[in-house]
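So the sequences go chain by chain: A and B.
Here my numbering is used: the first residue of the first sequence is 1, the next is one more, and so on.
Here my numbering is used: the first residue of the second sequence is 1, the next is one more, and so on.
Note that these hints are calculated values from the structure, not bench results.
Just so you know, even glycine gets a beta-carbon here, dropped at the ideal spot from N, CA and C.
Honestly, I wouldn't trust all of these hints.
Taking lysine to aspartate or glutamate pairs in the EDC-like style, the calculated list, with each CA pair at most 16 Å apart, reads [claimed, not checked]:
no., chain 1, residue 1, chain 2, residue 2
1, A, Lys42, A, Asp84
2, B, Lys64, B, Asp88
3, A, Lys42, B, Glu109
4, B, Lys41, A, Glu39
5, A, Lys37, B, Glu109
Here are a few chain B residues that sit away from chain A, every Cβ distance over 10 Å (derived from the structure) [stated by the list, open to error]:
no., residue
6, Val11
7, Glu63
8, Ala72
9, Thr78
10, Pro86
11, Ser89
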Amino acid sequence: GENVEQHPSTLSVQEGDSAVIKCTYSDSASNYFPWYKQELGKGPQLIIDIRSNVGEKKDQRIAVTLNKTAKHFSLHITETQPEDSAVYFCAASSHSSGSARQLTFGSGTQLTVLP
Amino acid sequence: GAVVSQHPSWVICKSGTSVKIECRSLDFQATTMFWYRQFPKQSLMLMATSNEGSKATYEQGVEKDKFLINHASLTLSTLTVTSAHPEDSSFYICSARGRGSGNTIYFGEGSWLTVV
Chain A
1 GENVEQHPST LSVQEGDSAV IKCTYSDSAS NYFPWYKQEL GKGPQLIIDI
51 RSNVGEKKDQ RIAVTLNKTA KHFSLHITET QPEDSAVYFC AASSHSSGSA
101 RQLTFGSGTQ LTVLP
Chain B
1 GAVVSQHPSW VICKSGTSVK IECRSLDFQA TTMFWYRQFP KQSLMLMATS
51 NEGSKATYEQ GVEKDKFLIN HASLTLSTLT VTSAHPEDSS FYICSARGRG
101 SGNTIYFGEG SWLTVV
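Bound-form chain A, shown alone:
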């Protein structure tokens, strides 16, 4: 099955700096890679996703890059703000025997933006 590794587990940056979180995956058949932001006591919120036919996607201060050959993808947050502080999870999709797409999650990164 799919295995997703995420680094770093914790990341502190100064407000205004950039933050980068990296993930690797094992299943070359995976073709969908979402990123979720989870605030304390809440469910994960989708912030950006990328599919395998695209190498990069950007949405305002957030961007994701995908390298299918190397099987890694990264989240980039520019001009960080204190409200960006949260746990971020990467994920990769694989198909179960029932054809329902399942997400395999990384272990999460606690991002702290220092004012």
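Mind docking chain B on chain A? Use the hints.
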């Protein structure tokens, strides 16, 4: 994006009782719903996958008789924790995908279960 609603957001129950958590897709038809469990400071652990109108597929190590999942309609799935024990205390999260969600998976807000 699409909206997935979970209820209740938190619940306290006594050991030995059962508790039901609802997951609703509000603006799309959820052909597939997923149930996760999350312990503090840990990642999400998939418990089961359910397709509308069929039995749920449970992950290895998850007791299907203890965690009953029903996905009877395209907008509602329920997770019932039966004969709850304190070790069942956790954060339970559902997610859904389907027609109208663009194949994207959206998560509910989560439900805190405390068994005393």
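Next on the checklist: Are any of the numbered hints broken by this structure? If so, which, sorted upward?
Outcome noted: none
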